[in-house]
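Model the full assembly from the supplied sequences, consistent with the hints where possible.
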Amino acid sequence: MNSATVRNLLVRGMLAGLAAGVLALAVAYLLGEPYVDKAIGFEEAHSHEHEMEVVSRGVQSTAGLATGVLIYGVAFGGIAALAFCFALGRVGRFSPRATALLLSGCALLAVYVVPFLKYPANPPAVGNADTIGKRTTLYFLMMVLSVLLAIAATILGKRLAPRLGNWYATVVAVAAFVLVIGLAYAFLPVVNEVPAHFPASVLWRFRLSALAIQVTLWTGFGLAFGELAERVLNPRPARAAAPSAVTAGGS
Amino acid sequence: MAQHVAQPTATTPALPAKLPIGAIVPWAVFFGILMLVLLYFVGAEQGATSVVSGSDVHEWVHDARHLLGFPCH
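These protein sequence lines are chains A and B, in that order.
Here the first sequence stands for residues 1 to 251, where the numbers follow the numbering used here.
Here the second sequence stands for residues 1001 to 1073, where the numbers follow the numbering used here.
Calculated directly from the structure, the hints in this document are not laboratory data.
Among the clues, some could well be false.
Said to hold, decoys possible - With a Cα cut of at most 20 Å, we get these calculated SDA-like pairs of lysine to any residue: (1) A/Lys38 - A/Lys158; (2) B/Lys1018 - A/Pro235; (3) B/Lys1018 - A/Ile151; (4) A/Lys158 - B/Ile1021; (5) B/Lys1018 - A/Phe94; (6) B/Lys1018 - A/Phe42; (7) B/Lys1018 - A/Arg159; (8) A/Lys134 - B/Lys1018; (9) B/Lys1018 - A/Ala66; (10) A/Lys134 - B/Tyr1040; (11) B/Lys1018 - A/Leu102; (12) B/Lys1018 - A/Arg97; (13) A/Lys134 - B/Thr1049; (14) B/Lys1018 - A/Asn234; (15) B/Lys1018 - A/Lys38.
Encoded structure:
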């Protein structure tokens, strides 16, 4: 029964991740792609060597983008569902739906926002090809560190809760997380490979749209998975029916 | 079959039943690794390291890699 519950939640996590991936894909295509194109325009105007095109831009910006974003959604959906199985009933007095949304918010911060603040997303033309190994290592290191510290902070908060109460235990745990992340920011090497004269507005807009993709993905996942998890864990017809949306009035 | 289901009421949700760690771990190990392999192929293959030769994977997911925040090239 319990192993089957885990399997059901895992499958629903991957489906919710796929659905959230579709939303994130729309944001990526509509908000992000224009700046990828602008950055590639800059790259071509400032480079004398012409790369052979293995996959055309038209395919990269549609089918290629969809492949990457949807696999990312499914993969993180599965991982988040497994994390949800551990978190349920262990982090506090939260319903399955609330646990799912809380977990998604924390995942957005730990998996994306914290690494992003140190090593933000870069459009094409930003970044020296010779340092790709170093940059990849640093990015994944920051991601792993942030996730492990978030888990450690959660455990610390749970340990302190009986002594300090939920409020102060949470404050102390978050402060400890911020302090250690701050030290990591201070001691990990800086990466700044923005070429001279790269338009600042393109870089800023690209990074904002990269952030919007992740906010969409994790919010969508939290809401969708929370709904599905609630149905798996509380299969009761007695749940209050949601009032239908008021659509009266012109738009 | 509902012995582990929490009994929520409208005002005070009960603490949801924990899923036993032993039931989660096998799924977490197998699917956790599978999901990380998927993320590796989206995020890093044919960039810093290569399992498959060539650059087809890199070029195919190129835009996703940039927009999802991974270092691409």
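Hints versus structure:
no., hint, verdict
1, A/Lys38 - A/Lys158, "48 Å, violated"
2, B/Lys1018 - A/Pro235, "16 Å, holds"
3, B/Lys1018 - A/Ile151, "17 Å, holds"
4, A/Lys158 - B/Ile1021, "17 Å, holds"
5, B/Lys1018 - A/Phe94, "12 Å, holds"
6, B/Lys1018 - A/Phe42, "54 Å, violated"
7, B/Lys1018 - A/Arg159, "18 Å, holds"
8, A/Lys134 - B/Lys1018, "41 Å, violated"
9, B/Lys1018 - A/Ala66, "36 Å, violated"
10, A/Lys134 - B/Tyr1040, "16 Å, holds"
11, B/Lys1018 - A/Leu102, "17 Å, holds"
12, B/Lys1018 - A/Arg97, "14 Å, holds"
13, A/Lys134 - B/Thr1049, "11 Å, holds"
14, B/Lys1018 - A/Asn234, "13 Å, holds"
15, B/Lys1018 - A/Lys38, "50 Å, violated"
Consistency with the previously given hints fails for numbers 1, 6, 8, 9 and 15, ordered from lowest to highest.
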